[in-house]
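**Q** Residue-level listing of the chains:
Number of protein chains: 2
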Amino acid sequence: MPHFTVVPVEDSATSNYDSLEGINWVDYRDTGQGGHPGHLDTEDSPFLSSADADRKTDFYDRNLALFEEELDIRPKVSSLLSRLVNYTNITQGAREHEEAENTEMSLRKVPKSPNMGTLMGVYLPCLQNIFGVILFLRLTWIVGTAGIIQSFLIVLMCCSCTMLTAMSMSAIATNGVVPAGGAYFMISRSLGAEFGGAVGICFYLGTTFAAAMYILGAIEIFLKYLVPQAAIFHASDHHGGDSAILNNMRVYGTICLSLMAVVVFVGVKYVNKLASLFLACVIISIVSIYAGAIKSVFQPPDFSICMLGNRTLVRDQFDVCSKTVLEGNVTVPSQLWRNFCSSGNMSSPQCDDYFNQNNVTEIQGIPGLASGIIRDNMWGDYLEKGQILEKAGLPSVDVHGAVESVGLYVSADIATSFTLLVGIFFPSATGIMAGSNRSGDLKDAQKSIPIGTILAITTTTLVYFSSVVLFGACIEGAVLRDKFGDAVSKNLVVGTLSWPSPWVIVIGSFFSTVGAGLQSLTGAPRLLQAIAKDNIIPFLRVFGHGKANGEPTWALLLTGLIAELGILIASLDMVAPILSMFFLMCYLFVNLACAVQTLLRTPNWRPRFKYYHWALSFLGMSMCLALMFISSWYYAIVAMCIAGMIYKYIEYQGAEKEWGDGIRGLSLSAARYSLLRLEHGPPHTKNWRPQVLVLLKLDEDLHVKYPRLLTFVSQLKAGKGLTIVGSVIQGQFLDSYGETQASEQAVKNMMEIERVKGFCQVVVASKVREGIAHLIQSCGLGGMKHNTVVMGWPYGWRQSEDPRAWKTFIHTVRCTTAAHLALMVPKNVSFYPSNHERFTDGTIDVWWIVHDGGMLMLLPFLLKQHKVWRKCKMRIFTVAQMDDNSIQMKKDLATFLYQLRIEAEVEVVEMHDSDISAYTYERTLMMEQRSQMLRQMRLSSAERERESNVRRMHTAVKLNEVIVNKSHDARLVLLNMPGPPRNTDGDENYMEFLEVLTEGLERVLLVRGGGREVITIYS
Amino acid sequence: MPHFTVVPVEDSATSNYDSLEGINWVDYRDTGQGGHPGHLDTEDSPFLSSADADRKTDFYDRNLALFEEELDIRPKVSSLLSRLVNYTNITQGAREHEEAENTEMSLRKVPKSPNMGTLMGVYLPCLQNIFGVILFLRLTWIVGTAGIIQSFLIVLMCCSCTMLTAMSMSAIATNGVVPAGGAYFMISRSLGAEFGGAVGICFYLGTTFAAAMYILGAIEIFLKYLVPQAAIFHASDHHGGDSAILNNMRVYGTICLSLMAVVVFVGVKYVNKLASLFLACVIISIVSIYAGAIKSVFQPPDFSICMLGNRTLVRDQFDVCSKTVLEGNVTVPSQLWRNFCSSGNMSSPQCDDYFNQNNVTEIQGIPGLASGIIRDNMWGDYLEKGQILEKAGLPSVDVHGAVESVGLYVSADIATSFTLLVGIFFPSATGIMAGSNRSGDLKDAQKSIPIGTILAITTTTLVYFSSVVLFGACIEGAVLRDKFGDAVSKNLVVGTLSWPSPWVIVIGSFFSTVGAGLQSLTGAPRLLQAIAKDNIIPFLRVFGHGKANGEPTWALLLTGLIAELGILIASLDMVAPILSMFFLMCYLFVNLACAVQTLLRTPNWRPRFKYYHWALSFLGMSMCLALMFISSWYYAIVAMCIAGMIYKYIEYQGAEKEWGDGIRGLSLSAARYSLLRLEHGPPHTKNWRPQVLVLLKLDEDLHVKYPRLLTFVSQLKAGKGLTIVGSVIQGQFLDSYGETQASEQAVKNMMEIERVKGFCQVVVASKVREGIAHLIQSCGLGGMKHNTVVMGWPYGWRQSEDPRAWKTFIHTVRCTTAAHLALMVPKNVSFYPSNHERFTDGTIDVWWIVHDGGMLMLLPFLLKQHKVWRKCKMRIFTVAQMDDNSIQMKKDLATFLYQLRIEAEVEVVEMHDSDISAYTYERTLMMEQRSQMLRQMRLSSAERERESNVRRMHTAVKLNEVIVNKSHDARLVLLNMPGPPRNTDGDENYMEFLEVLTEGLERVLLVRGGGREVITIYS
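Those protein sequences? They're chains A and B, same order as listed. According to UniProt numbering, the first sequence is numbered sequentially starting from 1. According to UniProt numbering, the second sequence is numbered sequentially starting from 1.
By construction, these hints were calculated from the structure, which means they are not laboratory data. If you're wondering where the values come from, they're calculated on a predicted model, not measured in any experiment. Any given hint might turn out to be false.
Since the list can't tell identical chains apart, any single copy or any two copies may satisfy a pair.
Calculated lysine-lysine pairs in the DSS-like style (CA-CA distance at most 25 Å, straight line) [what the hints assert, rightly or not]:
(1) 864 <-> 890
(2) 864 <-> 447
(3) 447 <-> 890
(4) 269 <-> 443
(5) 443 <-> 891
(6) 443 <-> 610
(7) 757 <-> 720
(8) 757 <-> 697
(9) 273 <-> 748
(10) 697 <-> 785
(11) 807 <-> 767
(12) 720 <-> 648
(13) 443 <-> 890
Just need the whole structure built from these sequences, with the hints factored in.
**A** This is how it looks when you write it as structure tokens:
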């Protein structure tokens, strides 16, 4: 039996584990660069308050004693959860967002508590934002021009594009606590600042041009249908009509914009209060269309149009639709007659040819649902600019009429095509972000946003589809194509169909358009302000400031100016494609964000909304792109250029935002993919390039000892290929984390200074030699492995008492050989040129003694790519023995270099077998003396070894002689590095041989090949 | 004085270094995968013969004794160079290429020695290949239709595109020994098999369609100008004209193709002998054009054309160009009159309206250089199909003529546009590869190819430019636009200008066209054969075989069939754009190859031709692309799809060719760029994903001990993110290179089996513990570092005498903590499911005791992505203490998980402070007994420690109790792993605690966070 007794545990007892210094919870991120400000912590650990008073009581909890270590630094679940009690829908982070939200595009003031449901919070705002001026002002015309089938296609394309986008958006919006603020916040928080900024600006510009479009629409309704008398400019002749209209638009548009800007500036809250009124206007208008369509079945409204031949006549310049009228019993010329004929005389008329030869007929403008007019409207009729609206079925004698009478017919004001109509219709499908913009107000944003948005899109799409059919089925084609209702006495075309009165729609659409304009003008500056406050685009900073009441004055001013640009364009049909572009860009990015995140499978991509798929997002993205190019390829390119420039600008500014970016995942995937591609074996000789592992020595203060080593490497690489800078710290890894981080930082700083692009790897090892062996073995990853090692010369080896200096050196040489790596040892590295020096002349001399793969030939070529060495000439020396034909050798060498495409002077130095000089013996003696002294006169060295030493010393002395003779003023001498002896007893001798070999030379680079060819004569 | 004597060295003395076993020269590449066949060695070290008899004498060379090590394995320079004596322009590799060249598209038989100069070898062949049928048959028409200025533009675009391509090609061709065989060899050897194959097939298809085009051209000359009577089909009416012509083309084309194929099959050498004859035809024809143009200054040739009003009349249906002729003294209707009028009666004519109202005039067809006609031809006149050729200056009364008389006018046979003309002209600029195709025959290929090709392009470009001007300056516009010379009595239009006779050009162009067709038909099968022999496209293998005489029968057959397709199209104007596409694709890739290699700065990219620049190549590439899309965007897409499919097919087939690829450099650059992008600090919590370092144990035979560890990791990753598999071999690195390679291979094989995509890293260390520490420190590169370590449980620790097993385990746990890495330890890993199993039910239970970053919540989510675990439900348990409100806790936990978007059942287990059970004491006792026994009853253990042990054991026992109770049939239990004690004395106890904690559970995963949040509720 063991003689231990078990003592009951008391709660107050402290264990010996208490003294543990735990691992700091956050130090990981803060080391080196001073840490980020508060925001990071809030987002990273939103449910963790760093100081926790009640931890002490947990700490001695008997039941969890095993986890004491953890409790010291990590919270127990129960205490974590207890802190979640205070956790509501609006968390710390969200609260910040909510503050932003106050300055965001919100239609109403944010209520005290987020309690809006799907209907009020998402569905209705979306509905209001999607329905717009186009439905009332242009849809009839689109149906008439493109025909029912193609209009269907237009609506389908635009709406399916927004539907797919809504699905992508729903996925993004339900992936975690929803950041308020719409597309900008969603994208910037999920794809990063660069994409976010680009999208934000696109969305801002889109909204701004939308404001311009709404104002133009309102003015159009005002001048065409409400108060035509208010027009300032009048057409001087039938050609000037266009410019007069445009000028009226410009003048009134500018006035209207100024008024609205003032309203927004002084009273946002009134604007927001009116929102439901505007929505009511829209709904009433739409209902009146349906009502009118139904009524047309049994009692079509009475809007007749007057045709001359098959041409449609403008109806406001006459009353009776016939050539003559009976006044009393006398047939007199009608007003119509007088319009066409220069003399009113019935007997000798001087009339327009076409008028003479064709009859006047009156047909029903709105034949109604039951009339079967739908067959005629199935296919469209794209018109050229100025082309007269004709009705296909009517008889007509085709003669040229007089030029003066053109103004009497209804004609097309612009040339139309399918693509143009797509661009004009698309703004009717935008506005789907309205729900996600108000996520802060929602009770359950993650449920309401997808449902509300998708329902709203479904509703509006159905309305559009049914409208297309109803318009086509109720209204005469000539009236449909009549954009401004000239044929129906300048009534709004859609108004003629509506019930009870055209005025319902005219007034309803006017107010809803004005309202939409006000809202755009309210929202855009707030979005700009939000972007500016994020400070990712420095030059926008000024727009972040607001008035005392939070009104973004400067942003409003800029928005006004940009909107004014749109108003100066003056044509609704020209402005619509512009804003389509910007919205499409924005939707494109939403889809891209969703697709990328799905494909990257980031673990944190777990949307609650399940009905997304990368293929759908991709389809949506493609549709956005297609729509952009379909509606206008040059606008598309301009919009993409703008987005691209913003992206690059933000990237260039280096906005490092704490919200992370999805693109990092992309880089990771790309890196992983490329590395896996590289895995298959070493590259072909053709593709060989030095991938360098630089072994750096650090001194006691963790400073780099020989930074010139890095300079040399940067000159060698000229910025391309892999560079790993490795260093070894002597010590125990468990205690040296901080030191490692500090040295890594020091090395990185030095790399920055010396402009070496690469990676840094500091390891802790108990012996430097082992650390180096490990670096040589395990640096790099996959195909990105080093194939060349660069290390410094152990300068103090002769003076040092400690043999470790040169032992480590020789061990490293052996390791590189064992690992089949090339080795470069620059000697006298401090004499090497800095990156600022320029050698204007001189030579790089290569002493090619043995061939080990061609490194010696390649290195000068690479160095010469750098401006320091560019002007140096390359010379290649080789040594001929007695029995060599040195003339032939020189010729061969020149041929070889020609084949290698390397320009170099060639020289063969004859080194005949000579007797060993007394100097050689002397040097050998000195060397051996030194070695023996070191070894305490160990007498084991045999004669044989001495012989060998003498022979080697002889080579060193002789070679050094010729090298110094030929290359004493070379800028750099490259030399084969002899291998170290296998017998480690000879290590000091090896060092001595190298010293003798390089004596008297200023800069020497000892090179050892890695056992494979690195240069080839083949292409 | 030291007492050493120096002995003179004898040559026969062997040093102690002799016994060295050198590093094997080539083993590096051959390890593991059995090495490549011969080709590699030849290309890699062309100047090294492996066995060298005279090495022995070198070896004891006293003068190079210092390099003895090297000489053993690396050749001395003098002996290397002596082998270069036998080295000629044609090296080993090139000789192989030369063999290929014999089966290549060569115009003449390869002469015995390569001794052709630039003129004969490159310039003239290029010239002949570039000039083609288009110059004679279509250039006049192009000038007439597009006008001089736009024709200039067309020529400029096409020729500058080929010029830029020639420069890129020159760079590629002069980068080392030139591989014979044109674009295919150049691209495949420099960009790799995939690109090479795609380009090769494009070039092949281009050449084949060129054959079709030449045949069609020859037939056109034959039927239109030489023997019009030979036509088989005749137009039944003026509408049927087109199809009759096409059918004639088809019939004669097929006959001609068959004949030519037979000629090629039986007598290639005769074809090649005739090459100079064909070239002579071309040159004579061109000279006759210039001669004719000069002659036209003082004596324009007499080709009058007859106009009715401003319309050009077909000249072959009448002789006299007037409405009436004087026969005797009587004015009778001319033939022309009779053509237009149904009754020949002069007095009551029933004539065509237009004929009645317009006059007949006769104008000069070739007014000549001095006439100033150039002003009229400056701008073109694009015609619709069937539009009648008109001369702008002539008076005309515009009335509709009778439909029957349309055939009497010269009308356009196809609709023309600028882009169409570009596509038709481009084949005239192709053929620039002719020089580089015959590199084997050249004395100095590296000089001749650039100079010859560029000169030839310059020459042809000048000829085209001057022809455009001369045609425009000499010939009447209506004649120029008359494609088939109908207005000039069915003469070849360019023939009308030539001197001394039109027949010079008709016959000259006929022969040159036939010759070009024969050459294309000779070249294309040989190219196909060369591609097939490379065996990169397996299904083409059959085309690699030839007859006994080397004739590629099958390839010829295929070529014939494809050419027949072109002939069935039957229209020169339709076939030309097709071959333009394929040649443009090919040129695009040549430019791409040059640009990519320049930008990548591969050290082996050192072209002798210096006048290249990546920007020029890029411009050339863009021009190719632009020309493709300009001439026909749908053909362009088809051609690109074909090239893309071939690329993907070759990639899929995994052709690993020994010639290396430039794309590898691209992957390297991409990997480097992405990694450098990732460098900035650890990723945001949002982007966190497990990057796993798996520590594998190998047994004595270097087999993986627990492959299930890899299975588990593959299930965890579901194929995404970084995985590094690390292993440590105990030993000395210098001796273990082979072992390392073998184990790396073993691990890689196992990774393949378990479908883990990732990297493998085996290191040698004197202690396993140190090796692991180094792996943890230094695996990965830049941003691709592991953040999680997976290691196995040391199963035999209790039984083992050797404490190293669990000491290494605990040391590794400590290391991961020190390095801020997460740790996962799957216990009973052999019970873990394989990748083929599917759990159809069951749960993954998480026991969340302390919060260390959320790994516990994230891991089941990740596992559930894999099909093995997909159907498992997730349950989260947490432990409530006595003072916790467990109902509130459960609610909070559910909310938290909702916010995390993780679906899991939530349970709070109450674990009240209970007394320590007797069992606990017993287990503690047993544990301590064991520890003490191990420590030889060391008596230092204090009471305090025992207390702590009991408390910890209490936790373990109690927790184990509840866990087993709740999760005994869970598929997997995830559990917080307690930290090891700092005091290493307690290490065995720690192991025991872990054993007790997990007792009775089948599969347990112990998880320790890495000190940072890995999951966030924010998006």
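**Q** At 25 Å max between alpha carbons, let me know whether residue 864 reaches residue 447 within a copy, between copies, both or neither.
**A** Cα proximity of residue 864 and residue 447: across copies only (24 Å, versus 64 Å in one copy).
**Q** Is it within, between, both or neither when you check residue 864 against residue 890 at 25 Å Cα-Cα?
**A** Close inside one copy (23 Å), not across copies (70 Å); limit 25 Å.
**Q** Can you give me the call for residue 697 and residue 785, within, between, both or neither, at a CA distance of at most 25 Å?
**A** Cα proximity of residue 697 and residue 785: in one copy and across copies (21 Å, 24 Å).
**Q** Under a CA distance limit of 25 Å, which applies to residue 443 and residue 891: within one copy, between copies, both, or neither?
**A** Between copies only: 18 Å across chains, 88 Å inside a chain, cut-off 25 Å.
**Q** Regarding residue 807 and residue 767, is the shortest C-alpha distance of 25 Å or less found within a copy, between copies, in both, or in neither?
**A** Answer is both: 12 Å inside a copy and 21 Å across each meet the 25 Å cutoff.
**Q** Check residue 269 against residue 443 for me: Cα-Cα at most 25 Å, and say if that holds within a copy, between copies, both or neither.
**A** within (23 Å within a copy, 88 Å between copies)
**Q** At most 25 Å between C-alpha atoms: does residue 720 with residue 648 qualify within a copy, between copies, both, or neither?
**A** Classified as within: same-chain Cα gap 23 Å, cross-chain 29 Å, threshold 25 Å.
**Q** Within a copy, between copies, both or neither: which one fits residue 447 and residue 890 at a CA-CA cutoff of 25 Å?
**A** between (83 Å within a copy, 23 Å between copies)
**Q** Cα distance capped at 25 Å. Does residue 443 pair with residue 610 within a copy, between copies, both, or neither?
**A** Result: close within a single copy only, 20 Å intra versus 70 Å inter.
**Q** When no copy is named, should residue 443 and residue 890 be tagged within, between, both, or neither for a Cα gap of at most 25 Å?
**A** For residue 443 and residue 890, only the inter-copy Cα distance (22 Å) is at most 25 Å; the intra-copy one is 88 Å.
**Q** Please sort residue 757 with residue 720 into within, between, both or neither, judging by C-alpha distance up to 25 Å.
**A** For residue 757 and residue 720, only the intra-copy Cα distance (8 Å) is at most 25 Å; the inter-copy one is 27 Å.
**Q** When no copy is specified for residue 273 and residue 748, does a C-alpha distance of 25 Å or less occur within a copy, between copies, both, or neither?
**A** neither (58 Å within a copy, 68 Å between copies)
Checked against the numbered hints given earlier, this structure breaks only hint 9.
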